[in-house]
Amino acid sequence: MPGGGLLAVPLGRSGAPAAALLVVGLPGPSVPDDVAWVASCAGPPMARQLASDARAPRRPEPDRLLRRVINAVSDPVLLTDTEGTLLFANARAEGLLVAGPDASPGRTRAVELNQRLFRETLAQGGMSVNRREMSLVDPLEGMDLLFELATTPVLAPDGPSVVVSVLRNLTDLGRATQALGESYRQLRATEREARSERHRLDRVLDSVADPIILTDPAGGMVMMNDPAERLFAWPHEEGNGGEATLRRVRSNDALFASFLANLLGPVNAGVSRWKSQLTLDDPDTGAPVPMEAMANKVLGDGGELTGIVTVFHDRTEVLERARLLERVKEVSSELEARVQSATAELAEQNEKLRRQAIQLEQASAAKSQFLANMSHEFRTPLNAILGYTNMLLQGVSGEMTPPQRRNLTRIDSNGRHLLEVINEILDITRIEAGRMPLHLSDFGIPELLQEVMAEMDPIIARSKLTVDTRLDEGLPGVWSDRQKVKQIVLNLLSNALKFTHEGGVHVAAEYQNATGTVAISVKDTGIGIDVSNQEKIFEDFQQVDSSPTRAYGGTGLGLSICRRLAAMLGGRVSLQSAPGQGSTFTLHFPRRARRT
Amino acid sequence: MTNTPEKTKPLVLVVDDYQDAREMYAEYLEFSGFRVAEAKNGQEALDKAFELVPDVILMDLSLPVMDGWEATRRLKGDARTKAIPVVALTGHALKGHSEDANEAGCDAYVTKPCLPDALVDQVKKMIARREAASAR
Numbered sequence: 014m015p016g017g018g019l020l021a022v023p024l025g026r027s028g029a030p031a032a033a034l035l036v037v038g039l040p041g042p043s044v045p046d047d048v049a050w051v052a053s054c055a056g057p058p059m060a061r062q063l064a065s066d067a068r069a070p071r072r073p074e075p076d077r078l079l080r081r082v083i084n085a086v087s088d089p090v091l092l093t094d095t096e097g098t099l100l101f102a103n104a105r106a107e108g109l110l111v112a113g114p115d116a117s118p119g120r121t122r123a124v125e126l127n128q129r130l131f132r133e134t135l136a137q138g139g140m141s142v143n144r145r146e147m148s149l150v151d152p153l154e155g156m157d158l159l160f161e162l163a164t165t166p167v168l169a170p171d172g173p174s175v176v177v178s179v180l181r182n183l184t185d186l187g188r189a190t191q192a193l194g195e196s197y198r199q200l201r202a203t204e205r206e207a208r209s210e211r212h213r214l215d216r217v218l219d220s221v222a223d224p225i226i227l228t229d230p231a232g233g234m235v236m237m238n239d240p241a242e243r244l245f246a247w248p249h250e251e252g253n254g255g256e257a258t259l260r261r262v263r264s265n266d267a268l269f270a271s272f273l274a275n276l277l278g279p280v281n282a283g284v285s286r287w288k289s290q291l292t293l294d295d296p297d298t299g300a301p302v303p304m305e306a307m308a309n310k311v312l313g314d315g316g317e318l319t320g321i322v323t324v325f326h327d328r329t330e331v332l333e334r335a336r337l338l339e340r341v342k343e344v345s346s347e348l349e350a351r352v353q354s355a356t357a358e359l360a361e362q363n364e365k366l367r368r369q370a371i372q373l374e375q376a377s378a379a380k381s382q383f384l385a386n387m388s389h390e391f392r393t394p395l396n397a398i399l400g401y402t403n404m405l406l407q408g409v410s411g412e413m414t415p416p417q418r419r420n421l422t423r424i425d426s427n428g429r430h431l432l433e434v435i436n437e438i439l440d441i442t443r444i445e446a447g448r449m450p451l452h453l454s455d456f457g458i459p460e461l462l463q464e465v466m467a468e469m470d471p472i473i474a475r476s477k478l479t480v481d482t483r484l485d486e487g488l489p490g491v492w493s494d495r496q497k498v499k500q501i502v503l504n505l506l507s508n509a510l511k512f513t514h515e516g517g518v519h520v521a522a523e524y525q526n527a528t529g530t531v532a533i534s535v536k537d538t539g540i541g542i543d544v545s546n547q548e549k550i551f552e553d554f555q556q557v558d559s560s561p562t563r564a565y566g567g568t569g570l571g572l573s574i575c576r577r578l579a580a581m582l583g584g585r586v587s588l589q590s591a592p593g594q595g596s597t598f599t600l601h602f603p604r605r606a607r608r609t
Numbered sequence: 332m333t334n335t336p337e338k339t340k341p342l343v344l345v346v347d348d349y350q351d352a353r354e355m356y357a358e359y360l361e362f363s364g365f366r367v368a369e370a371k372n373g374q375e376a377l378d379k380a381f382e383l384v385p386d387v388i389l390m391d392l393s394l395p396v397m398d399g400w401e402a403t404r405r406l407k408g409d410a411r412t413k414a415i416p417v418v419a420l421t422g423h424a425l426k427g428h429s430e431d432a433n434e435a436g437c438d439a440y441v442t443k444p445c446l447p448d449a450l451v452d453q454v455k456k457m458i459a460r461r462e463a464a465s466a467r
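Chains as they are written, first to last, in the working numbering: chain A, 14 to 609; chain B, 332 to 467.
Quick caveat, the hints were computed from the structure, so don't treat them as lab data.
Built from N, CA and C at the ideal position, the CB exists for glycine as well.
Any given hint might turn out to be false.
Think about it this way: if two alpha-carbon atoms lie no more than 20 Å apart in a straight line, the pair counts; the simulated SDA-like pairs of lysine to any residue are [stated by the list, open to error]:
hint	chain 1	residue 1	chain 2	residue 2
1	B	Lys455	B	Thr412
2	A	Lys536	A	Leu484
3	B	Lys455	A	Val409
4	B	Lys455	A	Met404
With beta-carbon atoms standing in for the labels, derived distance ranges [stated by the list, open to error]:
hint	chain 1	residue 1	chain 2	residue 2	range
5	A	Arg367	B	Val384	51 to 59 Å
6	B	Lys407	A	Asn386	25 to 33 Å
7	A	Glu433	B	Val384	37 to 45 Å
8	B	Val384	A	Asn386	34 to 42 Å
With the sequences and hints as input, model every part of the structure.
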């Protein structure tokens with residue numbers, strides 16, 4: 014400005030730095046008086062104003078030390094205004110509520126959410142409530158975190174009031190509480206389970222028939238099952254056996270204690286189990302109960318003795334069984350001894366029998382030899398007797414008078430009879446000695462019977478009996494020992510003639526196809542044979558009448574020979590007879606003999 | 332036969348240690364028209380057989396000094412006598428003598444007691460067989 018200029022007046026208190034500058038445009042070189050008045054009026058308030066501004070800055074900042082201290086606190090610490098606008102956050106709080114410009118969108122959103130939540134929580138209840146719970150999101154993990162918010166308003170003497178918030182993380186605590194509850198529940202369940210387990214164990218132990226006792230390391234009773242109680246526990250009811258029962262239980266206890274002593278005490282530290290036989294008393298009856306007791310040490314995790322389990326086993330049955338077994342063994346060995354002695358006796362008798370058999374055999378052989386020799390000695394003179402008689406009858410020494418001839422005929426017939434007897438004895442001897450060989454051949458029964466009839470003709474003629482033969486039609490040829498068949502039939506026929514006085518003798522032959530046997534029967538009308546004698550007559554030297562006054566002669570060997578010869582042919586001789594009604598002797602023999 | 336001249340009659344050697352039997356057979360054979368020579372044992376039988384060369388020999392088997400089987404075996408083993416028929420005679424019926432007798436070379440076998448006529452029949456049969464054999 015021409016001629017003028019600008020005037021700057023410092024405003025404020027005197028002696029103090031200026032609070033402001035008053036700039037006035039001057040139209041001339043003189044300063045109006047008004048300027049000084051304005052300056053004096055405006056200066057102090059402005060200085061005052063300036064001073065108050067300096068004492069309460071708009072964003073008060075703690076000093077660096079304090080900041081470090083606060084940062085070191087592990088809980089988030091915040092300084093906000095009453096609206097919740099963040100003024101300061103320590104490192105923990107920043108992690109939750111502050112997002113830098115370069116933060117990820119997720120983190121930014123989480124932080125925004127957290128800030129809103131925080132503001133809302135702070136707004137609830139105003140300044141009057143200083144503790145409340147709030148949940149925030151962990152911007153890193155996205156998990157819900159539970160905090161307790163403690164707020165403390167700090168009222169500055171001049172300046173805006175601020176709020177200090179301390180967040181205490183309750184998340185872990187909550188979890189811990191929850192876990193604690195869970196643990197407690199589990200504990201209860203486990204306890205319940207344990208209790209039921211214990212009951213179950215009790216029941217199991219009680220159901221075991223053998224007494225079981227659990228003892229503590231000092232030998233004191235901890236637990237016993239029912240069977241054990243019966244033996245070792247004091248009876249509950251009064252008068253249950255009374256004094257005697259008590260005494261027995263005491264005695265059992267004492268026995269058990271002394272048994273346990275084998276496992277107790279440092280001396281027995283190395284012994285882990287002890288087995289022994291105890292004879293207890295039945296408390297009720299007093300009967301001895303033989304027991305086998307087996308005690309086992311129960312060791313803890315550290316190998317220390319925690320208890321002793323003793324299991325008893327009643328040996329009554331075992332002992333009884335052993336006793337019975339012993340008895341059985343005794344009896345069996347007794348029996349064995351008897352059998353042995355019997356066997357020895359038997360062997361001895363067998364030996365005797367064997368010797369006797371040998372002796373018998375020798376005797377039999379001697380008898381056969383004797384009979385053979387005797388027969389020879391008989392036959393040699395008989396040969397001469399019959400020979401001379403025969404010669405005389407033939408007139409070799411000249412003609413004879415009729416009485417001479419008659420007498421000679423009697424000599425001849427007697428001699429022949431004697432020869433027959435000798436032959437019969439010889440036959441038996443030969444059969445017995447096994448020296449009667451079979452001579453098998455083909456032959457016909459009709460021809461054989463014809464021959465027999467022819468040979469017997471003189472006797473038949475003398476007997477005045479009717480003798481006839483009847484042959485079955487279609488009688489086959491046979492394969493057998495002709496001589497023996499003939500001998501049997503001759504014998505049967507001669508017997509029939511001998512024992513029949515009137516009537517007749519019928520000889521019949523038939524073939525039985527079913528059995529392949531030929532049957533030749535000789536039926537007479539003679540005296541007959543009582544049933545009681547029917548077997549006897551087939552034995553050697555046996556006749557129905559063997560008395561000295563018997564009416565019929567003969568050696569009694571004929572039927573015996575017949576039976577033996579029939580057996581050699583593989584057949585037999587059967588008899589049907591009754592006294593006074595005649596007899597029928599039948600020879601049965603196979604059509605084809607088996608060569609033996 | 333009784334009328335046959337002595338020389339033409341067949342000669343039978345009867346060998347038996349039992350005198351009565353020997354003489355009985357001898358008498359009946361002579362009665363039946365044979366000439367008879369006798370021997371008491373096997374050795375004698377051999378001597379007589381070699382000396383007389385009979386037409387038939389009746390040989391008892393059980394004999395002293397030498398038994399009938401041995402005597403027969405020797406007769407059959409000798410050229411002079413082996414053609415003579417030998418009829419074995421035995422009173423022993425116990426053993427299977429017939430087989431033994433056949434083995435020894437006997438031509439026939441007769442069990443005692445044997446009536447004289449039966450024996451003579453046997454002798455005649457032997458002579459007839461021999462004549463038939465020599466006629467061929």
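Here is how each hint holds up against the structure:
1. Restraint check for B:Lys455 and B:Thr412: satisfied, since their Cα atoms lie roughly 19 Å apart, inside the 20 Å limit.
2. For the suggested pair A:Lys536 and A:Leu484, the alpha carbons sit about 14 Å apart, so the restraint of at most 20 Å is met.
3. Straight-line distance between C-alpha atoms of B:Lys455 and A:Val409 comes to about 18 Å, which keeps the hinted pair within the 20 Å bound.
4. Between B:Lys455 and A:Met404, the direct Cα distance comes to roughly 17 Å. Compliance with the 20 Å bound is thereby established for this hinted pair.
5. Separated by about 58 Å at the C-beta atoms, A:Arg367 and B:Val384 satisfy the suggested range of 51 to 59 Å.
6. Separation of B:Lys407 from A:Asn386 is about 29 Å and conforms to the stated range, judged on CB atoms against 25 to 33 Å.
7. A hinted range of 37 to 45 Å for the beta carbons of A:Glu433 and B:Val384 is consistent with their spacing of about 40 Å.
8. Judged by the Cβ atoms, the range 34 to 42 Å given for B:Val384 and A:Asn386 holds: they are separated by roughly 35 Å.
Figure legend: structure checked against the earlier numbered hints; every hint is met.
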